[in-house]
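Please arrange chain B with the ligands on chain A, whose structure you already have, making use of the hints.
The residues making up each chain are set out below.
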Amino acid sequence: MSEALAIGAPTARKREPGRLWIVPPAALLALLFFYPLALIVRQAFLDDSGVANVAEIVRVLHSRFFLNALVNTVTISVAATAGCLIVGLVLALILAFVPFPGSGFIARLIDTFIALPTFLVTLAFTFLYGSAGMLNSGLMEAFSLPLPPVDFLYSTWGVVLAEVTVYTPFILRPLLAAFSLVDRGQIEAASVLGARPFRIVRQVILPAAVPALIAGGSLCLLLTVNEFGIVLFIGAKGVITLPLLIYGKAIQESAYQVACIIAVVNIALSLGLFGLYRFAAGRLGV
Amino acid sequence: MSAAAFTGPSVVDIDAAKVRGAGSNVHFDKVSVAYGTHVVLHPLTLDIAPGEILAMIGPSGSGKTTALRAVAGFVRPASGRIRIGATDVTDLPPYERGLGMVVQNYALFPHMRVEDNVAFGLRAQGADKALIGERVKDALATVGMATFARRYPRELSGGQQQRVAIARALAVRPRVLLLDEPLSALDAQIRRNMVEEIARLHRSLPGLTILYVTHDQTEALTLADKIAIMRDGRVCSHGPTAELYRRPPNRFTAEFLGRANLLPVTVAEAAGSKGFATATHGDAVLTGAGRGEKAGDKSLLCIRPQHLSLTADNEHTNRIVGTLREVHWQGELTHLVLDVDGTPVRVSATKLPVALPEPGTKVPLFFAPADTSLLPEDAGV
Ligand SMILES: Nc1ncnc2c1ncn2[C@@H]1O[C@H](COP(=O)(O)OP(=O)(O)OP(=O)(O)O)[C@@H](O)[C@H]1O
Ligand SMILES: [Mg+2]
Numbered sequence: 019m020s021e022a023l024a025i026g027a028p029t030a031r032k033r034e035p036g037r038l039w040i041v042p043p044a045a046l047l048a049l050l051f052f053y054p055l056a057l058i059v060r061q062a063f064l065d066d067s068g069v070a071n072v073a074e075i076v077r078v079l080h081s082r083f084f085l086n087a088l089v090n091t092v093t094i095s096v097a098a099t100a101g102c103l104i105v106g107l108v109l110a111l112i113l114a115f116v117p118f119p120g121s122g123f124i125a126r127l128i129d130t131f132i133a134l135p136t137f138l139v140t141l142a143f144t145f146l147y148g149s150a151g152m153l154n155s156g157l158m159e160a161f162s163l164p165l166p167p168v169d170f171l172y173s174t175w176g177v178v179l180a181e182v183t184v185y186t187p188f189i190l191r192p193l194l195a196a197f198s199l200v201d202r203g204q205i206e207a208a209s210v211l212g213a214r215p216f217r218i219v220r221q222v223i224l225p226a227a228v229p230a231l232i233a234g235g236s237l238c239l240l241l242t243v244n245e246f247g248i249v250l251f252i253g254a255k256g257v258i259t260l261p262l263l264i265y266g267k268a269i270q271e272s273a274y275q276v277a278c279i280i281a282v283v284n285i286a287l288s289l290g291l292f293g294l295y296r297f298a299a300g301r302l303g304v
Numbered sequence: 463m464s465a466a467a468f469t470g471p472s473v474v475d476i477d478a479a480k481v482r483g484a485g486s487n488v489h490f491d492k493v494s495v496a497y498g499t500h501v502v503l504h505p506l507t508l509d510i511a512p513g514e515i516l517a518m519i520g521p522s523g524s525g526k527t528t529a530l531r532a533v534a535g536f537v538r539p540a541s542g543r544i545r546i547g548a549t550d551v552t553d554l555p556p557y558e559r560g561l562g563m564v565v566q567n568y569a570l571f572p573h574m575r576v577e578d579n580v581a582f583g584l585r586a587q588g589a590d591k592a593l594i595g596e597r598v599k600d601a602l603a604t605v606g607m608a609t610f611a612r613r614y615p616r617e618l619s620g621g622q623q624q625r626v627a628i629a630r631a632l633a634v635r636p637r638v639l640l641l642d643e644p645l646s647a648l649d650a651q652i653r654r655n656m657v658e659e660i661a662r663l664h665r666s667l668p669g670l671t672i673l674y675v676t677h678d679q680t681e682a683l684t685l686a687d688k689i690a691i692m693r694d695g696r697v698c699s700h701g702p703t704a705e706l707y708r709r710p711p712n713r714f715t716a717e718f719l720g721r722a723n724l725l726p727v728t729v730a731e732a733a734g735s736k737g738f739a740t741a742t743h744g745d746a747v748l749t750g751a752g753r754g755e756k757a758g759d760k761s762l763l764c765i766r767p768q769h770l771s772l773t774a775d776n777e778h779t780n781r782i783v784g785t786l787r788e789v790h791w792q793g794e795l796t797h798l799v800l801d802v803d804g805t806p807v808r809v810s811a812t813k814l815p816v817a818l819p820e821p822g823t824k825v826p827l828f829f830a831p832a833d834t835s836l837l838p839e840d841a842g843v
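Chains as they are written, first to last, in our numbering: chain A, 19 to 304; chain B, 463 to 843.
Just chain A, with the same shape it has in the complex (with noise of 0.2 Å):
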């Protein structure tokens, strides 16, 4: 490391070396982030022959593809998120409060969850659920059926719940962090006064645990508003979001200019839901 400083500053003075530790990480980032960051922003205002041209990013942010994608992106997070902040719940509050033997392990294998890549929980829900998959092979094979009666998977539901499957270990974990926190006390001085279990998590559990579900539920929004893999992998038809878009946009079509303004959008997006994210983490102390 010192031979890296003289390198880097031979001449320097020697009176605020400390200083001159930015310079690495900064051009790294300059490089590696910032750099290509701002050529799909000037991308976004160049049409593919190099000429500005803005008219198309009007045209772009009108269209009907742009719209539609944009919507069910929106859909799918929204409706991804609240599936995981309600069964990440349900669980947080039985692996934290109902007493049973194993209950520690079952959370830290909800965890490795999160070391998974997320295509592979696609690929088992295939198994699962797709039209050649167990359950719908049962169904058949039982009640004599000509065609696969379970057909969910491919479409909008079925993206919303595998990314419910695989992001939710994301809010279990704050969640399970802020109850641990939670005075048992106060829920036993609760239960003493007449309050049954509804009334206890209502009341004195949520309150406690609303940072927690902020910052869970802001991060699951950010992770699926920029998921691709899973989107991708089930492939339903008709089901674009603004990832696959820009995906479809740039490699399929060579259609620079268009798959730069859309994510732009989703950079925009992206950043205004990692702000809340900090924003809500910093309250939360994490």
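There's no promise every hint is true.
[To be verified] Computed from the model, here is a short list of chain B residues facing chain A with C-beta under 7 Å: (1) His-573; (2) Ala-586; (3) His-797; (4) Val-799.
[Claimed, not checked] Cross-link-like lysine to any residue pairs, in silico, SDA-like; alpha carbons within 25 Å at most: (5) B:Lys-591 - A:Arg-217; (6) B:Lys-599 - A:Glu-206; (7) B:Lys-591 - A:Pro-215; (8) B:Lys-591 - A:Ala-268; (9) B:Lys-591 - A:Ile-205; (10) B:Lys-591 - A:Val-219; (11) B:Lys-599 - A:Arg-217; (12) B:Lys-599 - A:Ile-205.
Note that these hints are calculated values from the structure, not bench results. By construction, the Cβ of each residue, glycine as well, lies at the ideal position given by its N, Cα and C atoms.
Positioned in the frame of chain A, the structure of chain B with the ligands alone reads:
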């Protein structure tokens, strides 16, 4: 010890009890509790009368909290039944038992204002709005916190938070109030004030039955009508406060409840019609309240430090001689430690002779027969 400790059980004012909702008795019927194979409460049978304050005291780990939590419904007895009033509550969940509980760390709901904390129980029980408003005001006024209704718990001092916790428990008009070391998080000065306030509170709610768990004997002596002393998961003595203090039935009680000098003696003459027995300690012949000892029994004579005097008078007819070892002056009180034939004896005196004897000199000590009692010598319960 205030005078209240010796006025005996408070009389339940029937009319007031009716207005306030009469208290119920709490009955432990052979209640035992075990965690796995570890028995922490041996079959316990105990009754707390309606309107009575029972203080449960004992060393750490003796099972006090466990007994209280069994009444609240958080600990399931391995055997036995618990009744509150006419109801067998053993199988009821905590929220159906109609109790109030206050614990050491207050456990207020941090995101609710004081008034909402106090209203919580009433809302949970579905009381109507007008009644809630009235009761909240009442309860806060009772604990002197009416002006703090709009504050959040974090904006209150420890003592204020504990008052709110008490108001919250009282607002539901519980049949029984359970207090588990409610004052031990407070410093000595505030604790003394709060003890007096709880005593005052109970005078204004005479029908309220209170189970007061503490390891502080002063709180117990000041507040309780009756005391139960716990040791290793058993009640080792139980009785009216003053009686337990004046006539401890065993060594553990004598030493746990206040300070006690325990002088080994041999009974010379069993107690007569007036209840006094005579016993010898070396050459000294001493008289004290007996409890069925026979002549020739080895026994212990319990004398409280404040009942020993350096001067004789008509009452102080018992006399022993000790060698003065230490003198500790503490302002209001002076503590002397003497050696009486190998037994250390403490004296607490408010008045002392002007010329205090030098350490090492022999000093006669006098005490009244009525202030002493004999108790069995065995170290166990
Ligand atoms: N949840 C539990 N699991 C196992 N053992 C427990 C549990 N709670 C209490 N105990 C044991 O039960 C015994 C009695 O505990 P308890 O809390 O009733 O004591 P206590 O008299 O209230 O003591 P303290 O004065 O320290 O509060 C102790 O030995 C304790 O270790
Ligand atoms: Mg305890």
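| Which hints, by number, does the structure contradict? | Going through the list in order, the structure violates hints 3, 4, 8 and respects the others.
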